[in-house]
Structures are given as C-alpha cells and as structure tokens.
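Those sequence lines, one after another, are chains A and B.
Per my numbering, the first sequence starts with residue 18, numbered consecutively.
Per my numbering, the second sequence starts with residue -5, numbered consecutively.
The hints are simulated quantities; they were obtained by calculation from the structure and are not laboratory data.
Keep in mind that a hint or two might mislead.
Cβ-to-Cβ under 10 angstroms is the rule here; a few derived chain B residues that face chain A [stated by the list, open to error]: (1) Trp13; (2) Tyr15; (3) Glu16; (4) Pro38; (5) Glu60; (6) Trp69; (7) Cys71; (8) Val79; (9) Arg83; (10) Phe112; (11) Phe116; (12) Asn151; (13) Lys153; (14) Gly162; (15) Lys176.
Heads up, simulated DSS-like pairs for lysine-lysine below, C-alpha to C-alpha not over 27 angstroms straight-line [stated by the list, open to error]: (16) Lys171(B) with Lys247(A); (17) Lys314(A) with Lys158(A); (18) Lys39(A) with Lys153(B); (19) Lys317(A) with Lys171(A); (20) Lys240(A) with Lys153(B); (21) Lys234(A) with Lys153(B); (22) Lys184(B) with Lys117(A); (23) Lys160(B) with Lys240(A); (24) Lys274(A) with Lys247(A); (25) Lys146(B) with Lys160(B); (26) Lys160(B) with Lys314(A); (27) Lys314(A) with Lys171(A); (28) Lys274(A) with Lys160(B); (29) Lys173(B) with Lys39(A); (30) Lys25(A) with Lys171(B).
No residue lacks a Cβ here, since even glycine has one placed at the ideal position from N, Cα and C.
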Amino acid sequence: MSDGRGKKYTYYPGCSSQGSGKHLDESLRAIAPELGVELETLDDWNCCGASVGHVGGGTLPNLALTGRNLANAQKQGPQDVLTACAACYLNTHAGNEKIKKDVAMRGRVNEALSAGDLSYDEDLQVRHACEVIVNDVGIDKVKDRVTNPLTGLKVAGYVGCQTVRPFANTDGGGNYDTYDDPEFLDDFTEACGAEAVDFDVKTACCGGAVSVISPEKTLHLIKEILDAAKEADADVIATPCPLCQTNVEMYQDAINKEFGTDFAIPVVFYSQLMAVAFGMDAKDDAALGRNTIRSEKLEKMAK
Amino acid sequence: MAQSAPDTARKYDLGFARWVYENVEGGDKLSMCMQCGVCSGSCPIGTEMDHGPRKLFMMIRAGMKEAVLTSNTLWNCTKCYRCVVRCPRGVPVTYILGGLGTKAVEMGYVKTEDTVRFSKAFWWSAKTFGRTDERLVTSRYHFSGGFGEGVKKSLANLKIALGMFKAGRLHLGAPHKVKGTKNLQAILAKAQEIEERAGETER
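All chains, full assembly: derive it from the sequences and hints.
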C-alpha cells in the first residue's frame, strides 16, 4: 500500500445499497480507505438477479445480468470485483465461474451481450468484502486502526447463509473460512474491542427471500436467531448480509405478536461496528441512524 | 411434513429422470443421489415442503413429473445452500430445485404460487430499470393476487414501511435506473431469444 491509496477493487454495491441496505454501503465506503481498500464503483451496475431472477426471467437472461456487470467491470480493468452483499456475491461469483468454465455457456452469454455491444472474456475474480478484509487487509490491520475500542459491547455474530455457502473454503471463494462454523465475524468483533458471545446459530437461515414473500412460513426461523442472541445476553446482533439485517430487524414486532415475546434487539453490520471503533462519525460513517432498532449502548460509544 | 397416500391414478413419465438430467440446471448430477437424506435433514424449512429434497429426487426417478413440477418444495426453498455443502455425493440440491422451478414456470405448471408472483414482480423491475426497486417490487407483488389481498398485505407491512422510511431506507421518488436501460433490455431480449431457440431444438 505504498502509494497511500491502497489496493483498488471494482466495487459492485447492488440494489439494496440504494434502499434497505444503505447503511452497509455507507459504512463500507467509510471504512474501506482506512483499511487500504480503494473502491472504484462499477459503472452502470445492474441487478444480480438475487434468489428469484431465474424464475421471473429464465436461466440465460438471469445469467446475462451477471454477464453485463462483468463485461462492464472488464472495461474498468483487471482488478478484482468486490461486493459486500451476500446475494450479489453468490450470483456474480457463481455466474462468473459458470461463464469461465462452461464454454458453451460463455458463447451464449457473449452472444446476448453482443446485442448491447459488450463482451466478457477476461478472467476476473469476484470477491466478498469480508473475504478481502480477512485475506488482503488482515485482521491485524483492522486491530491497528481501532482508536475507539467497543469495550463491553456484547456482539452476537450472525453470518447467515450466502456469505459463506456454498463458496467458503473453496479456492475461488477465497479459502478464508468454513461454511458451518466461520470465525471471521467474531474476529472482526474482537478486533474492534467488543466481546463476541457464543452464538451457535451463526449460520442458521433467516428465511431469505421467502421471509420477504411469505413471512408466516419463516418467522420461527428468525425467532431462533433472536432467542439465541437473547440467551447469550448480546447487546447487538452483527451481520454481513443486507437481507439478514433487514429480515431479523424488521420482523421482531411480528414475532413478538405471534409468539408473545418482547424482542427489540438491534441488528447492525460489522462495517458499522468498525466505523464506530475507528472513531468515525456516528451518522455519516457508521450510519447508525439507519437502524430501525437503535442500539443506545453502541451510539453512546460512537463519536 | 405432509404425507401423501399412494395415488394409483397418477401418471408416470418414465423418461422424466432423463429429461431432468438433460434440461435442468444441475440435473446431470442427480444420478449421484444415494437417498441418504442429509439434504432433507439439513433443510431449515422442510416443514413447509410437500416433499423434502430427498423424496423429490426419488419421485423424479419414479417419473412422477406432474407431482414434482407442481410441488411447493420448489418455492419454499430459502436458498441457504446447507444441503449443497453437506451432500456427501456432491449433488447441487439448491440449484436443481431452482432449475426445476424455472422449468415448471416455463411449462405452465405453476402460476399462482406466491414465489412465482413475487419473481415476476422482481423481474419486471430488473428488466425495466436494471435494478430492484424494493418499494415497487413489494407493492406489485402484494397487489398481484388482487386488490383486496394487496390492501391487506400492504396494511400488514405498513409499520415496517414506516420504520424503513424514517430510517431513510425506503426509497421514494423516481426509481433508480441503470444509465443504459436500452442496452440492458437489448441484452436480456437477446438472451431470451437464445434460450427459446435452444428450447425449440430440445423438443
């Protein structure tokens, strides 16, 4: 990082960055330069197709969405593509592998892309922000940057599914952790000076898109996560995934109504914790005002 | 899990497993399945499914085409990928369920399932704007089952929407768009044309 600007990545923010997951995008953009990560936004990025694009649009049109993003990324240079959203990562990484390995598929995607005067023939790598922090930045660098340790904050590290499944512990997925018992999130928490509580549902499922479509089918899944956080006496739940953050936060009222509980547990992004621990601005950098269940304890620690 | 009694009137399509092998994403790995049930045992939402993935895969082998393609298993998968990483035989379970769902919609087996209605609303946004407008996708989905249901579902979500609005996470105003909507739409139209062309040679 001798040039003082850090390593450059093509940053794919994804649709939630302009809506429900704004605070992930804002806090990540704030902490990245502090960690020697330069984010150059992917020009004219489009939706990744998420969990349902193939149903609405068909297999090839859905893959063409990823093809277009990669073709545009290729125009920006050979640097790795970085995304912080679990679904964007899964789709873009899986799509990239498929296009690269399946020659027939590569031909079909490029035939579709040619209708928009684009092509994708490079060997780009698609990487998750957490994996980049673990492998390129290193936990020690995170620790070194902490000026405002979150001493006494108890954090339940909720990783969720698609950040680590199915690609953690694969060569293309960065080989940074396991898919059943990942440790990176607790490492982030502890690097920030907070306490990572025992939380054995860290890779349980929040219901994903099914929670958005038919929450009545999945409230019990979210309740399990909240139960475990409560049992561990956590002050906040931290997660890397925008859909997990929204689902686990927004359905607490519905769960309280359905099960007679009284949950009001703040759900934050690891990047928000880092921004606070780096002594950055509570509103502009850590985006704490974007949580619908606010953590008084974390806000008091923030500058 | 709902158990169904054997139906002697059910039609069996003995070529179905081969069709899945040739046409469904991941279907070529289905022959690896040894019916151990790790997938169904790992599934967080198996209780909502007509059949767990293990049983569904056996039904494919038995040629129960209609029962497979109309099963709600295809729509209740949350895409947690636990079955994929745990399968001792490397069967890409989640991908196969997704691929079967895509085919079931294309072939007209499913129209009113919530996930299908949501997926159509989602794709409309992706195709029109190049991005997901959470507000428009949600309301389009809520009203896709009729006005009454739309009002009911919207009211049920009012408090959530209000909270998101206060936190600045509910986008109001014109939808965010890609700059090249025409460019994106041309690519998607071409992709669809290629897929239809491929579909015709299959038949």
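Given the hint that Lys173(B) pairs with Lys39(A), test it: the Cα-Cα distance must not exceed 27 angstroms.
holds, 20 angstroms
Closer than 10 angstroms between Cβ atoms is the bar; does Phe116(B) clear it against chain A? Give me holds or violated.
holds, 5 angstroms
Tell me if the interface restraint on Lys176(B) is satisfied: Cβ within less than 10 angstroms of some Cβ in chain A.
holds, 8 angstroms
Lys314(A) paired with Lys171(A) [C-alpha distance capped at 27 angstroms]
The hint holds at about 10 angstroms.
For the pair we were handed, Lys39(A) and Lys153(B), check the Cα-Cα distance against 27 angstroms.
holds, 19 angstroms
Can the hint on Phe112(B) be confirmed by a CB-to-CB distance to chain A that is less than 10 angstroms?
holds, 5 angstroms
Pair hint Lys314(A) and Lys158(A), alpha-carbon separation not exceeding 27 angstroms
It holds: about 25 angstroms lies between the C-alpha atoms, which stays within 27 angstroms.
Is the straight-line distance between the alpha-carbon of Lys160(B) and that of Lys240(A) 27 angstroms or less?
holds, 24 angstroms
Does Lys117(A) sit within 27 angstroms of Lys184(B), going by the straight-line distance between their CA atoms?
The hint holds at about 20 angstroms.
Has the given pair, Lys240(A) with Lys153(B), been kept, meaning a C-alpha gap of at most 27 angstroms?
holds, 19 angstroms
Tell me if the interface restraint on Tyr15(B) is satisfied: Cβ within less than 10 angstroms of some Cβ in chain A.
violated, 16 angstroms
Do the numbers back the hint for Lys153(B), that is, is its least Cβ distance to chain A under 10 angstroms?
holds, 6 angstroms
In terms of the numbered hints stated before, the structure departs from hints 1, 2, 3, 5, 9 and 16, listed from lowest to highest.
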